[in-house]
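Q: Residue-level listing of the chains:
2 protein chains.
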Amino acid sequence: MPAQPSHNPPPATPDALRADARENRERILRAAREAYALHGIDVPISAIARRAGVGVATLYRRFPTRTSLITEAFAEQLTECSGALDEALEDPDPWRGFCSVFRKVCAMQAADRGFTHAFLARFPDESSYAGERDRAEEGLGLLIRRAKEAGALRPDFDVSDVVLVLLANNGVTNGAGPDATAASRRLVGYLLDSFRATPARGPLPPPAGLELDRLGAAG
Amino acid sequence: MPAQPSHNPPPATPDALRADARENRERILRAAREAYALHGIDVPISAIARRAGVGVATLYRRFPTRTSLITEAFAEQLTECSGALDEALEDPDPWRGFCSVFRKVCAMQAADRGFTHAFLARFPDESSYAGERDRAEEGLGLLIRRAKEAGALRPDFDVSDVVLVLLANNGVTNGAGPDATAASRRLVGYLLDSFRATPARGPLPPPAGLELDRLGAAG
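Residue numbers (our numbering), protein chains in the order written: chain F, 558 to 776; chain Y, 558 to 776.
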């Protein structure tokens, strides 16, 4: 048999290969974030591959599990959330720290719809998110205790009210269209006002006992 | 040609016919409410007909336009809303009246997801909803003015904050699953607390200027 002429491009340099791989990776992560924002984290892998313009096999080579893709896609936002919590815990004013976490996380929710879908949502417990989530719950618990002990946060504030805020903010940012950021700020302003301890408060309806996992189901 | 034997059932009495038609109508309205709850008010008529187990032609005979179907499907809830507003306006205590409207409408939202989709949403202005909406806006304006004049409602409360509450409540009831009612009550409790005029309030972020129409886009 005569030798086939090669139609392949000349072999790329290692640098060019690395740049290619990096670009592919970024394209997949961007497509994943867009798809999650539009359709939630249950969107099929094939739809993400199509959106990124890569084959499903290529996608799986870079991100062997669904969880690894989601984790990577939102790594930046998760780091930002942990950072917000750490900063809040270091704030010498417990009330200011408490407020800053809500303001930052709700602003992130308003800026990126996909984030809510992914945030601490329906992940298998062995995923790297589970550790983050436990750490977040611990940090929030401490933040709340400090703010109550300082007499700044109303004593009947419940840890499940954190989820209540995030779900409410999700509703506002989903529904407010181009006014999402302004509407989210206004909502958070009102809610923080009502969380503040003041002598004249009446009794509240009991806490709804929402778990952080509920956020996963919030469209 | 020989006469065809008739396979039709014996002719129904007028009463039975009326009962049949009524049952059909109820079945269609029930299917419509379920479909709106699941998929929003943009769900195709054919899907509603399928769910009701009737033909598209039958559905169109009873409800010649999409708007007539939506209006009928939520007639009861709309009447309840108007009633809540009227009662609130008659309450000698403007603050109690103000609170009662939010409590009632948010409880309705929590009980029926489809209601939010339909509530004052993206209707052609000539529909019978437009008149209801104008009336609701007028009534709300009056309710707010009275509560402010009584010194009970904070002066920086804006009429667009009504939409903010409904969007937030929508997020909570969509996301809270079986805890929807408890979560909605808790949220409304917090928000009404923060709407109450008290001397120590700080400034709020500016109103988001949301229009009632925004509710239509809230999934």
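It is worth saying that the hints were derived from the structure and are not from the lab. Among the clues, some could well be false.
Remember, identical chains collapse to one label, so a pair may be satisfied in a single copy or spanning two.
Unchecked claim - In the SDA-like style, the derived pairs of lysine to any residue whose C-alpha atoms are separated by at most 20 Å in a straight line are: (1) K661 / P763; (2) K705 / R758; (3) K705 / A594; (4) K705 / P601.
Q: How do K705 and A594 come out at 20 Å by Cα distance, when the copy is not named: within, between, both, or neither?
A: Close neither inside one copy (35 Å) nor across copies (40 Å); limit 20 Å.
Q: Could you figure out if K661 and P763 sit no more than 20 Å apart (CA to CA) within one copy, between two copies, both or neither?
A: between (26 Å within a copy, 17 Å between copies)
Q: Evaluate K705 and R758 at a C-alpha cut-off of 20 Å and name the case that applies: within, between, both or neither.
A: both (15 Å within a copy, 19 Å between copies)
Q: My question is about K705 and P601: at a cut-off of 20 Å on alpha-carbon distance, are they close within one copy, between copies, both, or neither?
A: neither (44 Å within a copy, 51 Å between copies)
Checked against the numbered hints above, the structure breaks hints 3, 4 and satisfies the rest.
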